[in-house]
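Trainee: So the sequence lines, in the order shown, correspond to chains V and Z.
Quick note on the numbering used here: the first sequence kicks off at 3 and runs consecutively.
Quick note on the numbering used here: the second sequence kicks off at 17 and runs consecutively.
Mixed in with the good hints there might be a few duds.
[What the hints assert, rightly or not] When the alpha-carbon atoms are kept at most 27 Å apart in a straight line, the in silico DSS-like pairs for lysine-lysine are as follows:
1. V/K241 with Z/K90
2. V/K220 with Z/K154
3. Z/K132 with V/K220
4. Z/K132 with Z/K154
5. V/K241 with V/K154
6. V/K345 with V/K111
7. V/K177 with V/K154
8. V/K241 with V/K177
9. V/K220 with V/K245
10. V/K245 with V/K154
11. Z/K93 with V/K241
12. V/K241 with Z/K316
13. V/K204 with V/K250
14. V/K220 with V/K241
15. V/K245 with Z/K93
[To be verified] Over 12 Å on every C-beta distance to chain Z, these chain V residues come out as not near it, computed from the model:
16. E79
17. I121
18. D176
19. A180
20. D214
21. G254
22. T282
23. V344
To be clear, the hints were calculated from the coordinates, so they are not data collected in a lab.
Glycine residues also receive a C-beta, built at the ideal position from the N, C-alpha and C atoms.
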Amino acid sequence: MTLSTLKRHLPIRLTAVALTLALVACAGGGEDTTDGEGSSEGGSASSNEVAIDGSSTVFPIARAMAVEFMEANSDVEVTVAFSGSGGGFEKFCAGETDISNASRPIKQKEIDACAEAGIEFVEVPVAFDGLSVVVHPDNDWAACMTAEELGKMWEPDAEDTITNWNQVNDEFPDKALALYGPGTDSGTYDYFTDATTGEEGKSRADYTATEDDNIIVKGVQDDDGGLGFFGYAYYEENKDSLKVVEIKNSDGDCIAPSLDVIADGTYNPLARPIFFYVKTSSLEEKPAVADFVNYQIDAANSGLIGEAGYVPLPEDILEKVQVRVDEKTTGSIYEGGSSVGVKLSDKL
Amino acid sequence: MTSPNTLPANTSDRNSLFRANLAGRYRIDTLFATATWTAIAIAILVLAALLFDVLSDGLGSLSWSFLTSTSHYKPEKSGLITAFFGTIWVMGVVAAFAFPIGVGSGIYLEEFSQEKLFSKATQFFTLWFFPSSPWRHKLERWSEGFETLTLQIIEININNLAGVPSIIYGLLGLHVFVRIMEPVTGGRTVLAGGLTLALLILPIIIVSTREALRTVPDSLRQAGFALGATRWQVLWEQVLPLALPGILTGTILALSRAIGETAPLLILGALGLITKSPSSLQSKFTVMPIQIYQWISEPKEAFHNLGAAGIIVLLVALLLMNASAVFLRNKLQKRI
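Just need the whole structure built from these sequences, with the hints factored in.
Mentor: Here's what the structure looks like:
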């Protein structure tokens with residue numbers, strides 16, 4: 003073989019060598035790590051690891067808590083994913099995570115799935131959120147609305163029929179109605195539909211659904227007939243460019259969402275608790291998990307909840323939650339139902 | 017229909033079927049050129065607007081500490097180092113699996129599948145074991161039909177797989193690589209994520225490999241055979257060096273797609289908060305697109321700017337990959 007042919011085939015030879023090396027590396031890597039694994043299950047078994055997944059709504063709280071917790075306990079590794087309340091429970095009940103964040107209570111079918119897999123859990127409310135209904139700043143008619151009016155807009159029967167503001171209320175002007183909201187997978191959507199239309203997870207389909215709440219913000223900002231809803235944190239960040247709709251509560255008062263009214267329960271029915279669920283066996287066997295759970299419900303750390311844009315639980319509720327964690331009370335206080343109209347302090 | 021001898025001698029005759037009409041033809045030319053220019057101008061303008069938007073939002077947040085910090089709940093302390101290394105690890109796995117398997121499949125389908133290796137094996141087998149059985153020919157015909165059908169099914173599937181939404185690959189990856197292959201992959205790890213993305217881009221690599229092989233003229237192969245080279249020699253010494261630039265371009269474009277994928281890894285359970293960069297194939301991980309997605313869905317404006325800064329880093333990585341594709345192609349083309 004002459005030098006020129008050798009040169010000509012150099013790239014191809016190099017590629018071949020690289021490929022072989024890569025394959026060997028992969029095979030080797032695979033084996034080598036399997037050996038070391040042995041006792042581990044689902045990657046979350048190591049006692050100083052805390053695996054968290056679940057709601058993207060609760061994610062900012064879990065992240066803030068985890069960052070501060072890891073700064074204080076450098077030997078612990080907390081990882082947080084955000085595949086949604088439903089996606090989180092799916093992994094939680096498969097035994098893949100220690101803690102599952104949720105912006106709604108666990109559903110009956112998820113309780114059943116966990117029970118089938120032999121996974122017991124403790125339900126821990128972590129904060130309050132107030133769903134905020136927003137309209138365009140030029141909207142001067144929708145100052146205060148009732149849950150029924152919102153239901154009229156959002157119910158499945160409204161599809162293709164309720165397309166104008168004046169169909170919702172005679173006093174509203176003749177203006178095309180455009181609705182924006184979170185996608186049907188989100189716990190926020192579940193709660194809102196439950197509180198307004200009365201049927202959890204059911205609404206008209208002809209609204210702009212998105213997983214990114216900032217799209218709702220932009221949509222309503224640009225649409226003078228628009229109406230949307232999302233968690234309080236998004237309203238607080240966009241106070242200047244959006245107008246919030248006051249909600250008529252059970253006492254007949256028109257209430258705009260704020261930290262105080264969300265915490266004391268007067269902003270109903272759109273104030274909701276958000277949760278995390280911790281696997282009982284992790285709580286018992288993994289000190290890091292137990293420490294992190296206690297860290298999250300410690301009143302001293304409630305500033306982090308405010309920083310994430312949520313409302314910390316009042317002290318009296320936190321005490322009851324602490325008792326629940328200490329006694330490892332399993333099961334859900336909602337028994338698979340919804341949290342609409344349920345007072346947290348009564349149930350705990 | 018006019019026969020050749022009835023064609024009018026004067027082609028500029030008004031009744032003739034042929035009219036020079038040069039002005040009209042040039043008009044159509046200009047019109048078409050304008051249309052193509054408009055198309056490209058729109059594409060470039062949109063790209064420029066996007067780039068401007070991203071740069072104006074992101075440049076302010078792009079700093080050394082952004083590049084070297086881990087995820088944090090305070091925007092000013094956040095960075096994407098774990099996501100950056102996560103991306104590198106995952107892309108390493110993707111390249112290591114997708115390239116050999118994809119190129120290998122492409123070569124087989126383009127160069128060897130016509131040979132009906134399965135049918136030949138059956139022939140050999142039947143000849144050896146039942147040389148005089150009346151079933152022999154039936155079995156051989158059946159195996160040949162089976163092979164043709166299988167190949168057709170495979171081809172149709174590969175072409176269709178390139179169009180399957182990426183989230184479907186995420187679901188597949190979650191069940192196959194995370195759940196079923198858990199003892200090997202270790203759950204939601206770099207290996208599981210990389211394998212999922214490798215599957216995602218496999219059809220693209222196979223299709224582009226086949227395209228590249230098709231551009232090599234058949235006369236070259238035949239010349240090789242005529243000189244007594246074996247199939248392997250022809251492929252390795254003649255065809256593959258010529259097709260390699262095209263194959264590499266296709267592969268790197270496919271890898272560029274993988275580097276930007278969010279949805280399948282989100283389904284797989286890539287993390288929003290992790291403070292350690294991967295150290296093995298079985299480490300948990302996050303990647304840059306996931307981190308960017310998380311930041312831009314935050315309520316706080318400062319996080320949106322971090323997202324934009326992350327996009328800049330991702331863009332630079334992408335540009336580097338594409339540039340290396342162009343570089344490799346030019347370098348290899350000159351040699352041949």
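Trainee: Now, for every hint given, state plainly whether the structure supports it.
Mentor: Structure-based check of all given hints:
no. : hint               : in the structure
1   : V/K241 with Z/K90  : 21 Å, holds
2   : V/K220 with Z/K154 : 68 Å, violated
3   : Z/K132 with V/K220 : 59 Å, violated
4   : Z/K132 with Z/K154 : 16 Å, holds
5   : V/K241 with V/K154 : 26 Å, holds
6   : V/K345 with V/K111 : 23 Å, holds
7   : V/K177 with V/K154 : 16 Å, holds
8   : V/K241 with V/K177 : 23 Å, holds
9   : V/K220 with V/K245 : 13 Å, holds
10  : V/K245 with V/K154 : 20 Å, holds
11  : Z/K93 with V/K241  : 25 Å, holds
12  : V/K241 with Z/K316 : 12 Å, holds
13  : V/K204 with V/K250 : 22 Å, holds
14  : V/K220 with V/K241 : 13 Å, holds
15  : V/K245 with Z/K93  : 31 Å, violated
16  : E79                : 6 Å, violated
17  : I121               : 16 Å, holds
18  : D176               : 33 Å, holds
19  : A180               : 21 Å, holds
20  : D214               : 4 Å, violated
21  : G254               : 31 Å, holds
22  : T282               : 21 Å, holds
23  : V344               : 26 Å, holds
This entry does not satisfy hints 2, 3, 15, 16, 20, going by the numbered hints stated previously.
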